[in-house]
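Top line first, the protein sequences correspond to chains B and Y. Just so you know, we're using this note's numbering here: the first sequence kicks off at 3 and counts up by one. Just so you know, we're using this note's numbering here: the second sequence kicks off at 3 and counts up by one.
Source of the hints: derived by calculation from the structure; they are not laboratory data. Even glycine gets a Cβ: it sits at the ideal position worked out from N, Cα and C. Mixed in with the good hints there might be a few duds.
[As the list claims (entries may be wrong)] Stretch by stretch, here's where chain Y covers chain B in the computed footprint (C-beta under 8 Å, at least three residues):
{"id": "1", "region": "95 to 101"}
{"id": "2", "region": "171 to 179"}
{"id": "3", "region": "194 to 206"}
[As the list claims (entries may be wrong)] Computed, partial: chain B to chain Y, Cβ under 7 Å:
{"id": "4", "residue": "Gly50"}
{"id": "5", "residue": "Lys84"}
{"id": "6", "residue": "Thr87"}
{"id": "7", "residue": "Arg89"}
{"id": "8", "residue": "Gln91"}
{"id": "9", "residue": "Asp104"}
{"id": "10", "residue": "Leu209"}
[Unchecked claim] Here are the computed lysine-lysine pairs in the BS3-like style, where the Cα-Cα straight-line distance is at most 30 Å:
{"id": "11", "chain 1": "B", "residue 1": "Lys141", "chain 2": "Y", "residue 2": "Lys141"}
{"id": "12", "chain 1": "Y", "residue 1": "Lys212", "chain 2": "Y", "residue 2": "Lys258"}
{"id": "13", "chain 1": "Y", "residue 1": "Lys5", "chain 2": "B", "residue 2": "Lys141"}
{"id": "14", "chain 1": "Y", "residue 1": "Lys226", "chain 2": "Y", "residue 2": "Lys215"}
What follows is the residue order along each chain.
Protein chains: 2
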Amino acid sequence: MNKLYIIKIGGNVLDDEKALASFLTDFASIQAPKILIHGGGKIATKIGDQLGIKSNYVDGRRITDAATRDVVTMVYGGLINKQITARLQALHCNAMGMTGADGNLLKATKRPVGKIDYGFVGDITAENVNSTLLYFLLKQNVVPVFAPLTHAAGEILNTNADTIASVLAVALSKHFDIRLIFCFEKAGVLKDVNDADSVIRNLNTELYQKLLKEGSFHDGILPKLENAFNAIRSGVKEVLIGEHSHLVANTGYETKGTLITA
Amino acid sequence: MNKLYIIKIGGNVLDDEKALASFLTDFASIQAPKILIHGGGKIATKIGDQLGIKSNYVDGRRITDAATRDVVTMVYGGLINKQITARLQALHCNAMGMTGADGNLLKATKRPVGKIDYGFVGDITAENVNSTLLYFLLKQNVVPVFAPLTHAAGEILNTNADTIASVLAVALSKHFDIRLIFCFEKAGVLKDVNDADSVIRNLNTELYQKLLKEGSFHDGILPKLENAFNAIRSGVKEVLIGEHSHLVANTGYETKGTLITA
Numbered sequence: 003m004n005k006l007y008i009i010k011i012g013g014n015v016l017d018d019e020k021a022l023a024s025f026l027t028d029f030a031s032i033q034a035p036k037i038l039i040h041g042g043g044k045i046a047t048k049i050g051d052q053l054g055i056k057s058n059y060v061d062g063r064r065i066t067d068a069a070t071r072d073v074v075t076m077v078y079g080g081l082i083n084k085q086i087t088a089r090l091q092a093l094h095c096n097a098m099g100m101t102g103a104d105g106n107l108l109k110a111t112k113r114p115v116g117k118i119d120y121g122f123v124g125d126i127t128a129e130n131v132n133s134t135l136l137y138f139l140l141k142q143n144v145v146p147v148f149a150p151l152t153h154a155a156g157e158i159l160n161t162n163a164d165t166i167a168s169v170l171a172v173a174l175s176k177h178f179d180i181r182l183i184f185c186f187e188k189a190g191v192l193k194d195v196n197d198a199d200s201v202i203r204n205l206n207t208e209l210y211q212k213l214l215k216e217g218s219f220h221d222g223i224l225p226k227l228e229n230a231f232n233a234i235r236s237g238v239k240e241v242l243i244g245e246h247s248h249l250v251a252n253t254g255y256e257t258k259g260t261l262i263t264a
Numbered sequence: 003m004n005k006l007y008i009i010k011i012g013g014n015v016l017d018d019e020k021a022l023a024s025f026l027t028d029f030a031s032i033q034a035p036k037i038l039i040h041g042g043g044k045i046a047t048k049i050g051d052q053l054g055i056k057s058n059y060v061d062g063r064r065i066t067d068a069a070t071r072d073v074v075t076m077v078y079g080g081l082i083n084k085q086i087t088a089r090l091q092a093l094h095c096n097a098m099g100m101t102g103a104d105g106n107l108l109k110a111t112k113r114p115v116g117k118i119d120y121g122f123v124g125d126i127t128a129e130n131v132n133s134t135l136l137y138f139l140l141k142q143n144v145v146p147v148f149a150p151l152t153h154a155a156g157e158i159l160n161t162n163a164d165t166i167a168s169v170l171a172v173a174l175s176k177h178f179d180i181r182l183i184f185c186f187e188k189a190g191v192l193k194d195v196n197d198a199d200s201v202i203r204n205l206n207t208e209l210y211q212k213l214l215k216e217g218s219f220h221d222g223i224l225p226k227l228e229n230a231f232n233a234i235r236s237g238v239k240e241v242l243i244g245e246h247s248h249l250v251a252n253t254g255y256e257t258k259g260t261l262i263t264a
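Chain B extracted, bound-state conformation (with noise of 0.2 Å):
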């Protein structure tokens, strides 16, 4: 099969106009079919701010209420989406922004209301992926560009883009031999949290089971951690965990990040 990367930039990156403008060459440079799923970034916020509209929290969690949900849709899937799409481009990187909405790539099922309502929030599933049209797209050399947004009887949601990025790649996972690369502020899955240089290279499942129980992981990985290894459970050939300034040896044999196998 075919390589795939699926590859995963939060919002950190976006905010910071030098280390974006690497990264865009960095993704342009790779020669294989790929996809990028880009988060959100302090933007939105500001944007919102000025609008006048106030982040809603209930228990911690953030609520997206109408007026916020069309603040991301503008700011997601137009202003970032477009800038980045039109960006890459000039780099001779084919680029095609879309959400979830378009094509009916990423239908989703409103998140339920339970404790909380969470508002205008998607819930997905690779079953409701419609990997054929993705399938035919990556066919003409298009590369996908998402924003985290989906959607369910006739409305833009709000849905998580790593989320968005796992369910791709194993939606993706029947097509091709699939790298799942979630780029974060550190170099990789840190065996001592306070030693940066102590990145784990490699992790199966059998050395995860080990180090969880020996209770090796802090709080703040172990989400990363779970997903991951979902996506290798599902069909997902390789999840790497890295920084996004690696992203060109993230992509090649000698990686920098941890590289998560079955």
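Use these hints to put chain Y onto chain B, whose structure you have.
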């Protein structure tokens, strides 16, 4: 050749929720390949005002400075485009929202600075349409929905929606028998501007030249007619100018608007 409908709606429909809902239902019901191009609407001006961005005019012409360009990128490319896409999806129409940057569909030239510097405005020609990708999308039963934005040299540019519709029609006329439909507030081209019932039902080059010499057209309609006959001369089979609420009739044989042919 197969028929393709290329349909442009203006901001007045977008600003009127009842008219928009009805238009989208009609558009979704068309059982043929189709493309939608939407204009802006007052919401961009409103959001620009709220963000403290002033509209700039020189000699009565609107200038797109960088801040205004970012607002239209957000509002046209994000909010309006994604809302329309999500609503069409709920109407079982496989809409895919896009700008000219996406998939390099509309590569523009930034308008050269002459007597006026229009700012971030893109001029386009049929030669710079990625018609291969558009053709493939249409073959996949995808319905492209264009925001009036193009790109050049890594930047998003503002481009007139009527121009985008015409240029797409010309570029795709090799592959399809095209009916290019401009929806506006009147039923069609009027013989007597004060009589709403005086729609010229059929207009060809001969009759157009005759009426032009007689001075029958008022100034407002002349640019639309010139645009229409330019498209006809460049290979577009039919151009229809009509009211947005007459869309279903205007996609059939018994048209209510002005049907323009060679």
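Cross-check of the supplied hints:
1. 95 to 101: Since 6 is at least three, the answer is holds.
2. 171 to 179: With 0 residues closer than 8 Å to chain Y, the region 171 to 179 of chain B misses the three-residue bar; violated.
3. 194 to 206: Violated - the region 194 to 206 of chain B has 0 residues with a Cβ nearer than 8 Å to chain Y, which falls short of three.
4. Gly50: Where the cut-off is 7 Å and the nearest Cβ of chain Y is about 11 Å from Gly50 of chain B, the hint is violated.
5. Lys84: Hint holds; Lys84 of chain B Cβ to chain Y Cβ min 5 Å, cut 7 Å.
6. Thr87: holds, 5 Å
7. Arg89: It holds, given that the least Cβ distance between Arg89 of chain B and chain Y is near 5 Å, below 7 Å.
8. Gln91: holds, 6 Å
9. Asp104: holds, 4 Å
10. Leu209: Constraint on Leu209 of chain B not satisfied, violated at 42 Å.
11. B:Lys141 / Y:Lys141: Cα-Cα ~14 Å, so holds.
12. Y:Lys212 / Y:Lys258: Satisfied, since the Cα-Cα distance of roughly 22 Å is no more than 30 Å.
13. Y:Lys5 / B:Lys141: Roughly 26 Å between the alpha carbons, so the hint for Lys5 of chain Y and Lys141 of chain B holds.
14. Y:Lys226 / Y:Lys215: holds, 17 Å
Checked against the numbered hints given earlier, this structure breaks hints 2, 3, 4 and 10; the rest are met.
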